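**Q** Spelled out from the first residue to the last, the chains are:
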Amino acid sequence: MNVNVKPEAAKRTSTRLAIADCDIHPVRSSPNAFDPWLSARWRDHLKTFGSPRRLAMQAGPAFPKGQPDAARRDALPPEGGRAGSSLSFMQAQHLDPNNVTFGVLNPLQSGQGVANPELCAALCAATNEWQVAEWTSKDSRLKASVVVPYESADVSAAEIRKWAGHKDFVQVLVLSRTGEPLGNRRYWPIYQAAAEAGLPVAVHAFGYGGGPITSTGWPSHYIEEMAGHAQSCQAGLASIVIEGVFERFPKLKIVMVEAGFAWAPAFAWRLDKTWKALRAETPHLKRPPSEYLKEHVWWTTQPMEEPEPRTHVLDTIGWMGWDRLLFATDYPHWDFDDPSLALPLPISEEQRLSFFRENALAVYGVKA
Amino acid sequence: MIEAGAIDCDVHPTVPSLEALVPYMSEHWQDMVKTRGLDELVSISYPANSPITARADWRPAKGKPAGTLEQMRTECLDPFKTSIAICNCLYGAQLLFSEDMGSAFASAVNDWIAKEWLDREPRLRGSIVVQTQNVEMAVEEIERCAKNPRFVQVLLLASGDHPLGKRFYWPIYAAAERHGLTVGIHAGSNYHNPPTAVGWPSYYTEDYAAQAQAFQTQLTSLICEGVFSSYPKLKVVLLESGWTWLPAHLWRLSKYWHGLRMEIPWVDRSPMEIVKTNVRLSLQPTDAPPDPASLEKIIEHMQSDEILLFSTDYPHGQFEGMEVLPQGLPKSLVRKIMIDNPRATYARLLETVT
Numbered sequence: 001m002n003v004n005v006k007p008e009a010a011k012r013t014s015t016r017l018a019i020a021d022c023d024i025h026p027v028r029s030s031p032n033a034f035d036p037w038l039s040a041r042w043r044d045h046l047k048t049f050g051s052p053r054r055l056a057m058q059a060g061p062a063f064p065k066g067q068p069d070a071a072r073r074d075a076l077p078p079e080g081g082r083a084g085s086s087l088s089f090m091q092a093q094h095l096d097p098n099n100v101t102f103g104v105l106n107p108l109q110s111g112q113g114v115a116n117p118e119l120c121a122a123l124c125a126a127t128n129e130w131q132v133a134e135w136t137s138k139d140s141r142l143k144a145s146v147v148v149p150y151e152s153a154d155v156s157a158a159e160i161r162k163w164a165g166h167k168d169f170v171q172v173l174v175l176s177r178t179g180e181p182l183g184n185r186r187y188w189p190i191y192q193a194a195a196e197a198g199l200p201v202a203v204h205a206f207g208y209g210g211g212p213i214t215s216t217g218w219p220s221h222y223i224e225e226m227a228g229h230a231q232s233c234q235a236g237l238a239s240i241v242i243e244g245v246f247e248r249f250p251k252l253k254i255v256m257v258e259a260g261f262a263w264a265p266a267f268a269w270r271l272d273k274t275w276k277a278l279r280a281e282t283p284h285l286k287r288p289p290s291e292y293l294k295e296h297v298w299w300t301t302q303p304m305e306e307p308e309p310r311t312h313v314l315d316t317i318g319w320m321g322w323d324r325l326l327f328a329t330d331y332p333h334w335d336f337d338d339p340s341l342a343l344p345l346p347i348s349e350e351q352r353l354s355f356f357r358e359n360a361l362a363v364y365g366v367k368a
Numbered sequence: 001m002i003e004a005g006a007i008d009c010d011v012h013p014t015v016p017s018l019e020a021l022v023p024y025m026s027e028h029w030q031d032m033v034k035t036r037g038l039d040e041l042v043s044i045s046y047p048a049n050s051p052i053t054a055r056a057d058w059r060p061a062k063g064k065p066a067g068t069l070e071q072m073r074t075e076c077l078d079p080f081k082t083s084i085a086i087c088n089c090l091y092g093a094q095l096l097f098s099e100d101m102g103s104a105f106a107s108a109v110n111d112w113i114a115k116e117w118l119d120r121e122p123r124l125r126g127s128i129v130v131q132t133q134n135v136e137m138a139v140e141e142i143e144r145c146a147k148n149p150r151f152v153q154v155l156l157l158a159s160g161d162h163p164l165g166k167r168f169y170w171p172i173y174a175a176a177e178r179h180g181l182t183v184g185i186h187a188g189s190n191y192h193n194p195p196t197a198v199g200w201p202s203y204y205t206e207d208y209a210a211q212a213q214a215f216q217t218q219l220t221s222l223i224c225e226g227v228f229s230s231y232p233k234l235k236v237v238l239l240e241s242g243w244t245w246l247p248a249h250l251w252r253l254s255k256y257w258h259g260l261r262m263e264i265p266w267v268d269r270s271p272m273e274i275v276k277t278n279v280r281l282s283l284q285p286t287d288a289p290p291d292p293a294s295l296e297k298i299i300e301h302m303q304s305d306e307i308l309l310f311s312t313d314y315p316h317g318q319f320e321g322m323e324v325l326p327q328g329l330p331k332s333l334v335r336k337i338m339i340d341n342p343r344a345t346y347a348r349l350l351e352t353v354t
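Line order of the protein sequences matches chains A and B. First residue of the first sequence? That's 1 in the numbering used here, and the numbers climb one at a time after it. First residue of the second sequence? That's 1 in the numbering used here, and the numbers climb one at a time after it.
Any given hint could turn out to be false.
[As the list claims (entries may be wrong)] Chain B stretches covered by chain A per the calculated footprint, using a threshold of three residues with CB under 8 angstroms from any CB of chain A: (1) 158–164; (2) 209–216; (3) 238–246; (4) 288–295.
Hints were generated in silico from the structure; no laboratory data involved. Model, not experiment: these values are computed from the prediction. Every residue gets a Cβ at the ideal spot worked out from N, C-alpha and C, and that includes glycine.
All chains should be modelled from the sequences, with the hints used to inform the complete structure.
**A** Now the structure itself:
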């Protein structure tokens with residue numbers, strides 16, 4: 001949640017655990033920041049028609065956020081611009097004091113979900129160039145996501161292959177609210193290209209599928225949208241498992257980002273029970289759904305579950321396995337999880353290391 | 001061990017055919033059924049021969065599972081030593097797009113249940129089936145059926161046209177509260193929206209598993225819109241919802257409530273507290289962890305022994321033989337679940353029915 005930067009924050013670096021942050025949101029410093037990588041046609045198009053997505057408003061989200069730009073109020077860069085748009089301020093406010101040695105960039109509002117498929121592809125391609133030029137080439141702690149126009153799977157696969165092997169890219173990014181459930185065959189070229197490139201596919205909450213964001217229509221409030229990411233992400237993940245994506249692409253890794261994780265155990269138990277009763281329907285599945293989840297799926301931690309008493313979350317992590325969680329802050333957003341406060345529980349040193357760093361390094365196959 | 005005198009909060013009498021309902025319709029709708037050649041209104045939520053739709057040993061050689069009172073007595077009420085069972089009829093009246101037709105068929109279902117089941121078996125109680133597209137007509141149906149004390153609940157589906165907390169639906173809750181009826185929300189969709197938040201799945205397995213997410217969504221909506229702030233005496237019962245997902249869902253919702261409660265200032269208690277007083281969940285299906293000790297932990301996470309209500313979900317296939325109580329259920333909870341909690345939930349069960 002919102003936190004105030006403590007004056008002593010910068011001093012804490014040397015004594016702090018080196019951590020991985022698997023969900024950082026870089027933002028364009030100006031609306032024209034992608035121009036160097038866009039053709040004249042698209043620059044003109046954007047001026048004339050904008051880049052509408054499948055939602056009602058020209059600007060802003062369908063559900064107005066709880067804070068301006070969904071950002072921490074203290075995350076506005078001193079030099080001006082939006083929260084998350086300044087590398088130097090991100091370094092000073094977050095990467096340095098929190099000792100982030102490995103940070104995964106998930107650029108949102110980049111171009112994913114733009115209705116015009118060619119514009120969407122052009123914006124995603126520009127986003128990827130921009131991540132290297134403005135972020136990863138300037139700070140080696142930061143790693144990029146291959147942002148793909150996921151509703152066009154073949155174009156996405158080509159974009160993945162373009163960046164495969166590039167040292168700065170560690171995953172493929174799709175959003176959770178897709179046009180069809182994520183296991184649908186139309187998305188399989190993305191999984192194929194990602195598996196071949198050895199890149200995990202991150203499914204980040206939000207998106208612009210265009211249909212109602214629940215199984216029972218449109219809710220009224222932002223809080224319902226936020227709580228509801230757990231439901232839409234469960235539906236997408238169930239689809240990936242039940243359609244047999246992991247049987248078809250045995251090397252594929254999926255990372256669920258910013259959708260919570262405490263739902264995972266009961267979700268797996270329900271899938272197993274249902275599969276057991278109905279398995280004649282899905283002969284392509286060779287194992288119970290929970291086994292695919294245990295082998296192929298990871299969850300980022302933010303927003304960290306906070307039961308009362310807090311120790312209950314240790315049962316949940318125990319059911320999932322301590323190797324499943326990747327620490328994330330969601331910087332610079334309002335519901336940022338401070339690494340010093342995220343898991344205030346008595347756990348072993350090994351568990352702490354895996355939670356805050358080692359799991360991420362293992363999943364992404366990097367050293368930091 | 002099951003307790004004699006159990007109150008079974010979710011059993012499903014099956015409408016044998018559309019023809020059986022025709023006598024309970026007006027002349028106009030009788031004519032429409034015939035003239036338009038209506039198909040049976042059977043939801044895709046329960047494919048006829050799917051193992052969850054009916055247990056193998058509850059499938060008769062002829063006719064439908066739970067198709068007769070005799071079947072229900074010998075297969076469910078007698079063996080489980082049930083004192084009272086609540087009939088939740090899942091005929092497809094709620095799935096229609098015409099509010100007039102939906103209302104007419106729902107009324108026929110209610111009159112059929114009253115006459116063919118409730119009048120003939122003193123252990124049975126009923127839920128009032130209503131369509132939800134026209135709330136005024138739904139309230140009229142509640143008022144009409146509430147005169148029969150054997151109706152104890154209003155029955156809605158887990159997915160419909162809009163989230164159930166929307167103010168548009170509140171006259172239904174006002175009517176339910178006024179008459180001491182609970183609002184039961186049962187697994188299933190009217191399929192006016194795709195059955196998941198990300199569209200139509202390819203497999204029935206996904207549809208059935210996704211019911212848990214539909215219930216999570218409705219719980220969020222009912223709490224956030226303030227239904228329980230305005231109708232504090234209202235009890236909502238989630239039927240065939242699964243329940244092991246409940247603690248994690250409330251943790252997440254409570255966390256966001258702490259961060260965003262300025263958006264919904266009428267919600268003045270945490271979601272966990274609201275659920276403890278106003279929301280109940282039926283026992284079957286239990287989406288249980290592999291070991292009983294973990295199930296005990298889930299129950300501890302629920303932080304209340306008053307939330308679960310006994311159900312067999314008859315004739316749906318959720319458990320083997322008589323194993324209706326999952327392993328790991330603490331002994332101290334069995335009587336609460338089977339008798340005390342249902343009695344505390346369904347105000348109308350305490351009334352004498354003659």
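**Q** Failing hints, ascending?
**A** none
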